[in-house]
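In the order they appear, the protein sequences are chains A and B.
Going by this note's numbering, 83 is the number at position 83 of the first sequence; the sequence numbering is gapless.
Going by this note's numbering, 866 is the number at position 390 of the second sequence; the sequence numbering is gapless.
Keep in mind that a hint or two might mislead.
[Said to hold, decoys possible] Computed list of lysine to any residue pairs in SDA-like fashion (alpha-carbon distance at most 25 Å, straight line):
(1) B/Lys-1245 to B/Glu-1285
(2) B/Lys-1201 to A/Pro-159
(3) B/Lys-1176 to A/Glu-180
(4) B/Lys-1019 to A/Pro-431
[To be verified] The calculated label-pair distances, taken between Cβ atoms and stated as ranges, are:
(5) A/Pro-464 to B/Thr-1052: 49 to 55 Å
(6) B/Ile-992 to A/Arg-220: 39 to 45 Å
(7) B/Thr-912 to A/Arg-220: 33 to 39 Å
(8) B/Ser-640 to A/Lys-233: 15 to 21 Å
(9) B/Ala-1242 to A/Gly-158: 38 to 44 Å
Worth flagging that the hints you see were computed from the coordinates, not collected in a lab.
Here the structure is a predicted model, which means the values were calculated and not measured.
C-beta: ideal position from N, C-alpha, C; glycine also.
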Amino acid sequence: MATTWNRRDFLKTGSAATLAALAAGAPMASMLSGCSLTGSKIKPTADTVILLWMAGGMAHTETFDPKHYEPYKKGMDANGVLSTFPSIPTSVDGVSFSEGLESIASVMDRATLIRSYVAADMGFILHARHQYHWHTCYEPPQTVAAPHFGAWVAKELGPKNPVIPPFVDIGQRFTLGEGEELKAFHTAGFLGSEYGPFLIPDPSQGLDSVRPPAGMNLKRFEARNKLYTELIKQSPLEEVSSGYQKESLKRSMEQAYILLNSPEAKAFDLSSEPKESYDIYNTGRFGLGCLMAKRLTEQGARFISVTTEYEPFKGWDTHENGHSRLVDMKKQIDGPVAKLVKDLEESGHLDRTLIILASEFSRDMLMEGRPGATVKNQVKQPDIINEEKFYGMHRHFTDGCSVLMFGGGVKKGFVYGKTSDERPCKTVENPIKIEQLHQTIYHTLGIPPETNYVVEKRPFYTTPDGVAEPVMDLLA
Amino acid sequence: MRNGRFRTPAMACVCLLTGIFIIASAFGVAQEPVPAEPIAEAVETEPFWLWMLLGRFHPLIVHFPVGLLCVALLLELIDWKGKSAALRNGILILLWIGAISAVMAVIFGWLLAGNEGYAGTNIEIHRWLGVVTMALSLLTLLFLKRGWIAAYRYSLIVTVLGVSLAGHYGAMVTHGEDYLTEVLPLSKPEGEEGSLASNNPNFVLASLKQADTLTLSQQQDLNLEVRTIFAHSCYKCHGSDKAEGELRLNSKEAFFKGGEDGPIFVAGDPGNSDLIRRIKLPAGHDDVMPSKGKTLSEKEIEVLTFWVEKGAPWPDKEKSIYYLAPLAPRRPELPVAQGDITQPIDLLVDQYFKDNNISWSGTVDDRTYIRRVYLDVVGLVPSPDSVEAFVSNADPHKRETLVKNLLNRDHDYTQHWLTFWNDLLRNDYTGTGYITGGRFDITEWLYQALRTNKPYNQFVSELISPTKESEGFIKGIRWRGTVNSSQSTEMQAAQNVSQVFMGLNLKCASCHDSFISDWKLSEAYAFANIFADTTLQIARCDKPTGELASSAMLFPELGTITTDAPTPERLKELATYLTQPENGRMYRTIVNRIWAQLMGRGIIEPVDIMDNLPWSQDLIDWMATDFVDNGYDLKRLIYQILTSKTYQLPSVSINEPGYLVDKDYVFKGMVRRRLSAEQFADAVSKVFTPLYDSTSLALKRLPSEAIENAPFPRASLVVNDPFLKALGRPSRETVITNRTSQASLLQALELTNGSKFSEALHRGAAEWKAQYANTDSLVAALYMRALGRPATPEEISLVESAIGPKPSEENIQDLVWALMLVPEFQLIY
């Protein structure tokens, strides 16, 4: 236990020190403003956040907010198609999902479903910009590097278990199209790289990130580390010099050694999951990401993001064949998401774990942008559908998106907000913007809405100007 | 009935006290308890002495109910089964006294709170908890007397809870809100003694205190100091955005008007000024100001008190609270050379040392020096041969010769300094914007400019008034879709030019009038408009104002922009105006950046805020002027610094990185630095085996001469990757002027099991094994190459005992890994 405490102490002092060290435009913890320190205390209802990211724009009418269904017929009128799937009941009376989400429908009684998320209006639609905005709460570009909200959580709360990195990001590769744009928000920005994401692009390879290098057994790994510590002791400069760089170098190495050697690292090893359970999760990389999220949560993770992975024109980014593509996407998410909820419930973690399933915006067959702010179409969509590839939601729609939440203090079996039953299926009740959503999440974690740091002498808040408030209606 | 004898006198007592209270109130003496926040009026009428006296008995009396009621409950608990009637009788007595004293405590407390100006939430909670508890105690008494034992017991428990809570709130009022919590770790900081918010170097309170009457200028200075304190500590709640208690302190008019209770000060009488009373209260007190965050420092309180004493002068002609460093160059006289201190930098530092009672701490040895200058000039560790040749060279000018030779290695120099300039000029080989043609790199131009050591004035000119090759800097990064008007490419140019070349932050003012400086929105737009092809429309916080921007320099004294000239002409004017020698600020900025790069800390910090005070004004001024006088020569500047005795001082270790940006920082020598990501990668490549192969190079962006003249694929020339990123190479979406020296877990993981480093260890070990069959020869070679010194006998035997006399490939991998992670390798000493 004693060593654990040392680690924890290190994490605290280390972080304060890093902040202070970022000299140019030094983001100093805003002690002077006192906001984050003396603001009213919020009692947290969650310790861990799992973000299930539906990258590429998940159509609400095809998933959690089904509308009038029109089966495919050659020569059909596009304007008559609001959903390309029939509705199915859920475990909550009067709440329907779209076909293909039967498992998640069975846990709707544990969920809060927001049907009125309204994405930003940023002109010509670009996935990477909307994703940047969703994850950082700031519209790009920014004059200072805005942190991912996982980095904010990591910074404010630190790791829950000192040997598990506080911000783990599962499933996104950066070598695909728009990779640079994705990198721009997968960062701790001005908070400093130590709060940045621990990247696990492929969950089935996750263990590699936390075990000794390939081909090195534990014995050799320990011997190597011993040699390192002894060489330090022998260095003639060791006695005459100290200083924060050196101390932090030594401590960070020690910490890495402990992580790579710790029993918690097993959480990254999916092969030790019982086969029956593994098979349900194994719908591909996203499903296995959910499995890793479950395992990490049970070992004390703080913030985990699992993505279906963004790649232009892949995944949820359906520019054609929307209907048939979504059959596959639903298969990918339905089993693992429901299983994740049930497993965490069973192990007693769901109450203190907030799960959020969301996407950067929604889609519609005809409307690009939103009513009143339509933008240049990016997809050709004939009014009369003669080919099946035109049957689906192919345009980017920003005025009505679904966000599903479980656990961590949100209501159960609750639906918030409403979209129109006529095209355009836009939000007609209780619109929620990203800053409110973020503040609601921060609220469940006990992070006050006015939390900020001074960067280049200006306060930089978790959400713009720190004015947004949590949506208390969502909370139990 | 058995307790009847208590009834009469006790009731009489209660009646008597209540009577006194009612009669007194009826007298209508103007002393009726004044409600919360007596503020200034309280001074005018002193409350009736008796009420004050009785009030002051509250703290005495209040302990009776607290103690007695608790003991009553305790006894009740002890005898829960109710066996002892005697005990019950005792409890009854306790309850009687407890209840009566509770009534008295409430009455006295009411008087006290009313007469002595207590106010706030805590006092209100305390007040009503007290009243409720009093009522409860009477109720408990009633229940017991009626024999309703269950009700009595519950009531007693609730009463004790009430009295405890009331007591707690009372304690917070008298002892401070954090009375309990302040002894816990992480409690709230108090203002440091002696710190002043302001930047004004000329303000000395003591000298003002000696003056009988203040001159206008002195009044302005004093008032400036006061407003700086207000801005720093009070504006958050009492400024333009917020007026808690209807009070604003951000203008003369608002300050004199006061808050919801009227004026907050009495001119000439600090003792009766609520402002002064409240800032002097201890942290946590209900009335203390600031109520959030740090309390004011003693010096700040002294300034405010003195100001009120002098009648709170607030001249109509205010001085700005924001210090703006002078623009013009300055040529301080050099101190006379003494002994071996002859070099100008050393002379000025010597003066600084004398002023600060610091003595020269010596000069680093040859091995330390050669490693330092190699890393600082060409970014590489020296080879064993060069180290030995240098150490054995007896020439007294060998250090100067070494630096000169290194600076002449044009490509090596360029490939090191490219990293610094890429960060500063936001130039990268990959990144956002390229995908849609919304960004242009300047790599070829930059490489050539560094290789030919382009004079800095010309260098800046070509970036501002660019050719095709150098236009990427002011073109900014254009994202598709609509962007916030403060992020238009023209505004990006304005922000980046002012930050990079002038050490001036225009980011606030590009959205609204700045809160942290005097820069106005219109000035930011006028500057941005110089870069615009079509006149910019001014938007405040992204909302169009309908006004059109003019075109003007931030410092009009530098020149007038011809508004109707075509953009290239305007940019030419801008370049000429900015780079003229009269723009001392620009040259101070670059000199300071280079100094910070070589010494680990600028003469001014942060290096982007050139309005902060330098630790030596003479030094920065002299160096900037000298730089201009001698051809704007960056290499000459580097030479000058590296050959100074100042640079050769032993490095200083800093335990608390915050100290580096502290305004009380004292210079004693180079601050120990960590190798940058690029220096570390290149060191691995040079010492052991190349980390990168040619496929990693940014071939599309680099000039062929860079690739042809690189000893191996240097890290400054490769596309950013997870390894360099973990070690601190930023993504250059915005201007980066400082990298952290702090290590992190993600970094350590990358070094411990990341593929880049591991693969290099594998590759290199095979070659090394072929060359070094024995551990001792291996260790000897490795130490010389990595650390520039022979291994000690202890080190050799340590390694031998760890890996045996004949190393395997794995042994070599492990040894190299271990050695490259020791601080001696990773730091510049």
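Evaluated hints:
no., hint, result
1, B/Lys-1245 to B/Glu-1285, "holds (6 Å)"
2, B/Lys-1201 to A/Pro-159, "holds (22 Å)"
3, B/Lys-1176 to A/Glu-180, "holds (16 Å)"
4, B/Lys-1019 to A/Pro-431, "holds (22 Å)"
5, A/Pro-464 to B/Thr-1052: 49 to 55 Å, "violated (39 Å)"
6, B/Ile-992 to A/Arg-220: 39 to 45 Å, "violated (55 Å)"
7, B/Thr-912 to A/Arg-220: 33 to 39 Å, "violated (48 Å)"
8, B/Ser-640 to A/Lys-233: 15 to 21 Å, "violated (55 Å)"
9, B/Ala-1242 to A/Gly-158: 38 to 44 Å, "holds (42 Å)"
Violated hints, in rising order: 5, 6, 7, 8; the structure is consistent with all others.
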